[in-house]
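Residue numbering for the sequence shown follows my numbering, starting at 1 and increasing by one per position.
Some clues are possibly wrong.
[Said to hold, decoys possible] No farther apart than 27 Å at their CA atoms in a straight line, the calculated lysine-lysine pairs in the DSS-like style are these:
no.: 1; residue 1: Lys217; residue 2: Lys90
no.: 2; residue 1: Lys9; residue 2: Lys90
no.: 3; residue 1: Lys90; residue 2: Lys23
Calculated from the structure, these hints are not laboratory results.
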Amino acid sequence: MTLQVSVDKDTAVAVVTLDRPRKLNAIDLATATELIAMWRELRFDDSVRAVVLTGAGERAFCTGLDRDAVVPQPNSPYMQDDPLLTIGPKANDLWKPVISAVSGMACGGAFYLLGESEFVIADQTAVFFDPHTTYGMVSAYESVLLAHRMPYGEVARMMLMGTAERVSARRAYELGLVSELTEPGGALAAAVDCATVIAGYPTEGVQGTVRALWSAKEAARAQAYAQAPPLIALGNLPTERQAELFADRRNGGFRTR
Numbered sequence: 001m002t003l004q005v006s007v008d009k010d011t012a013v014a015v016v017t018l019d020r021p022r023k024l025n026a027i028d029l030a031t032a033t034e035l036i037a038m039w040r041e042l043r044f045d046d047s048v049r050a051v052v053l054t055g056a057g058e059r060a061f062c063t064g065l066d067r068d069a070v071v072p073q074p075n076s077p078y079m080q081d082d083p084l085l086t087i088g089p090k091a092n093d094l095w096k097p098v099i100s101a102v103s104g105m106a107c108g109g110a111f112y113l114l115g116e117s118e119f120v121i122a123d124q125t126a127v128f129f130d131p132h133t134t135y136g137m138v139s140a141y142e143s144v145l146l147a148h149r150m151p152y153g154e155v156a157r158m159m160l161m162g163t164a165e166r167v168s169a170r171r172a173y174e175l176g177l178v179s180e181l182t183e184p185g186g187a188l189a190a191a192v193d194c195a196t197v198i199a200g201y202p203t204e205g206v207q208g209t210v211r212a213l214w215s216a217k218e219a220a221r222a223q224a225y226a227q228a229p230p231l232i233a234l235g236n237l238p239t240e241r242q243a244e245l246f247a248d249r250r251n252g253g254f255r256t257r
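Using the sequences and the accompanying hints, generate a full structural model.
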């Protein structure tokens with residue numbers, strides 16, 4: 001298992017932990033399958049009223065799709081599969097509030113999870129970036145999700161600058177991506193505290209509010225998602241060339257702002 005789920009029956013809060021610290025909590029196909037199953041299971045678990053999502057270890061919350069994952073694809077460009085498209089709570093019709101607690105790196109496919117969380121709490125070690133353009137890929141779904149959480153120019157800068165820049169926890173807080181900034185190691189406890197308060201409120205009102213908030217941006221998101229597959233098919237370099245660019249990466253060649 002690459003997920004750990006613990007439920008506090010007294011507070012009705014579940015803590016879900018991406019548990020691949022040696023892989024910086026990158027998501028392989030097995031983890032993606034576990035995430036989908038877990039969200040669907042939580043839909044039916046009335047003992048859980050709020051969820052906290054975090055990553056194991058200190059180095060990363062999640063670094064997106066595991067580069068070692070082999071994703072079978074049909075030959076047709078009209079039927080390309082994105083293995084991370086349905087890993088989030090909203091994609092699985094979970095309308096219980098989800099709070100993400102971030103330490104270390106959150107990048108690339110991590111935004112599928114952060115983008116479907118109600119809000120994000122981060123400690124001072126957190127950094128955010130998107131490597132897609134650096135490695136010859138279109139940042140489509142990730143960009144759409146973050147465009148609803150940050151000013152357009154800041155999202156554009158993050159996505160287009162690739163691995164050359166990282167957004168610090170402080171800057172992410174200033175931009176509204178992060179709702180609360182804690183001391184190192186404090187994000188999880190702060191997220192659990194918030195989740196405990198929310199879980200103590202009447203369930204119907206909380207879940208209705210989550211659904212209403214999501215509906216406010218759902219139409220625009222759905223339209224933007226519809227454009228993503230052809231943009232990815234047209235804009236992505238061949239997989240072999242992406243791998244070459246990834247292998248040639250240079251550590252330390254970035255600035256944090």
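Now the hints, each set against the structure:
no.: 1; hint: Lys217 / Lys90; verdict: holds, 12 Å
no.: 2; hint: Lys9 / Lys90; verdict: holds, 23 Å
no.: 3; hint: Lys90 / Lys23; verdict: holds, 25 Å
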